[in-house]
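Protein chains: 2
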Amino acid sequence: MQQPLDTSAIASALADLGCLLGDRVTAADAVREHHSHGESTHTPALPDLVCFPLSTQEVSEVVKVSARCRLPVVPFGAGTSLEGQVHAVRGGICLDMRRMNRVLRVSTADMDVTVEAGMSRTQLVKALESTGLTFFIDPGADATIGGMVSTRASGTTAVRYGTMRENVLGLTVVLADGRVIHTGTRARKSSAGYDLTHLFVGAEGTLGVITEVTLRLHTWPEAVAVAVGAFPSVKDAVEAVIEVIQLGLGVARIEFMDERMVAAVNSYSRLELAAMPTLLFEFHGISQSQVAEMVRLADQLAREHGASHLTWEASPDGRERLWRARHDAYYAARSLRPGSQVLTTDVCVPISRLAECIVATRADLDRLSFSATIVGHVGDGNFHVLCLLGAEQNEEGDAFAHRLVERAHAMGGTCTGEHGVGYGKKKYLLAEHGDALDTMRALKRTLDPENRMNPGKIVDLD
Amino acid sequence: MQQPLDTSAIASALADLGCLLGDRVTAADAVREHHSHGESTHTPALPDLVCFPLSTQEVSEVVKVSARCRLPVVPFGAGTSLEGQVHAVRGGICLDMRRMNRVLRVSTADMDVTVEAGMSRTQLVKALESTGLTFFIDPGADATIGGMVSTRASGTTAVRYGTMRENVLGLTVVLADGRVIHTGTRARKSSAGYDLTHLFVGAEGTLGVITEVTLRLHTWPEAVAVAVGAFPSVKDAVEAVIEVIQLGLGVARIEFMDERMVAAVNSYSRLELAAMPTLLFEFHGISQSQVAEMVRLADQLAREHGASHLTWEASPDGRERLWRARHDAYYAARSLRPGSQVLTTDVCVPISRLAECIVATRADLDRLSFSATIVGHVGDGNFHVLCLLGAEQNEEGDAFAHRLVERAHAMGGTCTGEHGVGYGKKKYLLAEHGDALDTMRALKRTLDPENRMNPGKIVDLD
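Residue numbers (this note's numbering), protein chains in the order written: chain A, 1008 to 1469; chain B, 1008 to 1469.
These aren't lab readings, by the way, just hints derived from the structure by calculation. Source: prediction; values computed, not measured. Hints may contain errors.
The list treats identical chains as one, so a pair stands whether inside a single copy or across any two.
[As the list claims (entries may be wrong)] With a Cα cut of at most 25 Å, we get these calculated SDA-like pairs of lysine to any residue:
1) Lys1433 - Glu1457
2) Lys1133 - Ala1321
3) Lys1242 - Leu1140
4) Lys1133 - Val1110
5) Lys1071 - Asp1445
6) Lys1433 - Thr1453
Please model the complete structure; the sequences and the hints are all you need to start from.
Set out below in structure tokens:
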């Protein structure tokens, strides 16, 4: 996959970047190796050089060097992506954004914040501690904000607070020729021209490098309640979810775990949940009484759908323990088979088809030789399968993942709800988008005619 | 502004379109005149031909005729736009979309609906009556859904339910060469490639013709309360709004009227509101008790900011009367000076700057020779000025509108929160977007290289 680049171009770029960045550029093997992969099972691919810019201006200069030397540019955040987004499949210059991690401004009145793209989610949440506001989007990993913008990340709270699509208000972007543009305004809404912000959200660095992000913030709820309940079947659980959403209860999270995921979580996190299809709910409200009412209605709905073992956790400790267990699901799954590779895949379907999709997926898995658990952001119709693969099972795993995408497509869904395309899911975009893929390719060609911006991801030009 | 087109091209197009559409194409003067303008004071501009397509396929065929004959294509909905979006400034073929007004599918489980673009907002709300769901976005006018998508419309409920930006899940679009693409999927979220949906939302038909729209729906609230209150100053009113939002009360609407607007509304709608800066609130909740709690907290906050004459309307009739009055604000303003032209303009600023912006705007107005009222979706930082112009006051009105945009820009805002660009506000996009305007122009050139799709709006290529 990786093609050797012109070594003189690399040497020339290194000389230029050295003048610009001093010791913040390197060709050292250990650093290149660290920047050659995300957290997936995709084959690593090394960049030739790694830079550590401190400002939008420096990113612009690096991109100009890449233009002059005709080298690819690959933005790198926390390295937590799952579809090979940060793999330098054609070598080139890796832009490690982690040193650009400042809060540039925050406004409590406007409930928004502007940060540099290399700030991580937990850094941001910590920086907001004194404001009474927070940023709720949580993909699980401690990704950078720029990375989250670029994969259109979401996670457990999207059912209430939206995904990155709904929470990015504006961007600073370095284009392929090094020009810097600002998208959006600080007004909460605008009808003034094409929506460039959303063009870069989810573009995985293939149209430009995001250096600054303005985000919408939310108020910390006055009251929170968390529940866990077991259901007789996936169908019952999903029907309860649909009704909870239709009621307009404003549920903040609804997570699903299948019985195997529950068993793994019990063992890993020392819980004693019933090994049945399980839902975790979280409600946010302006007062204890409001949340109590949500709880009462949700409890009633859940019982109507056969829920048992319903436990409401009002204490912060109890809630924390449950969510910690949910967040550790990946590690819990892996612990089922120490030493295995974990293939994590992700689809999203209309919620009306979700139960059917999960049941068919479980039936498919039950015919295979490897273990797997299912966990999902069920309020969005989004679920993940964690496949525990031994040395000889990669092909079987890939074939399963392929069938999963076909199943999601057949149900009007998407090949990825939140992990993104990278190079792992490029092959599914034609089936998903049809002729619209040509339009995507035309946009890429317009903004990056030389195909230097994270080439080989999302769409190919050659 | 209007340039004569090649009459043989028009005759040739008419012949082709006649074969395709029969009597659903016309060059009749009365029909052309009807399709030459929206509701603004901008100079009308006639299309050469008007078509009434019944399907995406017919729209595609019409666009292919436009390509062959090199004629512009201007989509037309309800004709309620305010910045000249539907004016055929270069003549060509007007596509009247109103006969494409069917619901194609609705899903209560998924809380979404797909409609043809020519369906109007009230047609949609009526069609949803039996579902328990509704579509809350309400720009005031009974616009078509396609028109609302195209101007990124919003209105009174955006503070809670978002604008068209947040509520369009997918589109069917006819591109400039007649190809049909589908954007988005029926899944609630996706990370699978570039966000084409948002590229067409707000593009005013300049990148393609929208023929079908998939929209997110919302649950009708179980309980609703409406309040009206007078404040000692604009600043007090806006500060109350900021705190209500920060509390996370989930307010569904917060509308502002300045004292002159209140006086006009009192007179026109036979109300007896105090002629002071006034807020209308609406709360939606899952139960009477939940709404009662919101009301209690909002009431307390409003009083802390000096609110008087606070009246809560729980009865449907009382609420209806207040909102009818708010919706009739345009007619109320016009009745202040019968026979005048109403210049309606629209900016949006960060809410932290809103009070300052309104106060400065009122001071500006007080120096001018015409009357004007201010009304706004204050929860979004968005407000409108309705200027009542006599025959000799157009220049003075335009100069005022220009200063208003400059004021909004200086405060980090936008030249239009919801009315769009059309040709009326094209001149402000460079100041607002800087180099990003080049990127917009590049997108236009990519998707419409011959500049046939609603030319002369948003960006110019020539």
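Open item on the list: Hint compliance check: list the failing hint numbers for this structure, sorted ascending.
Closed with: none
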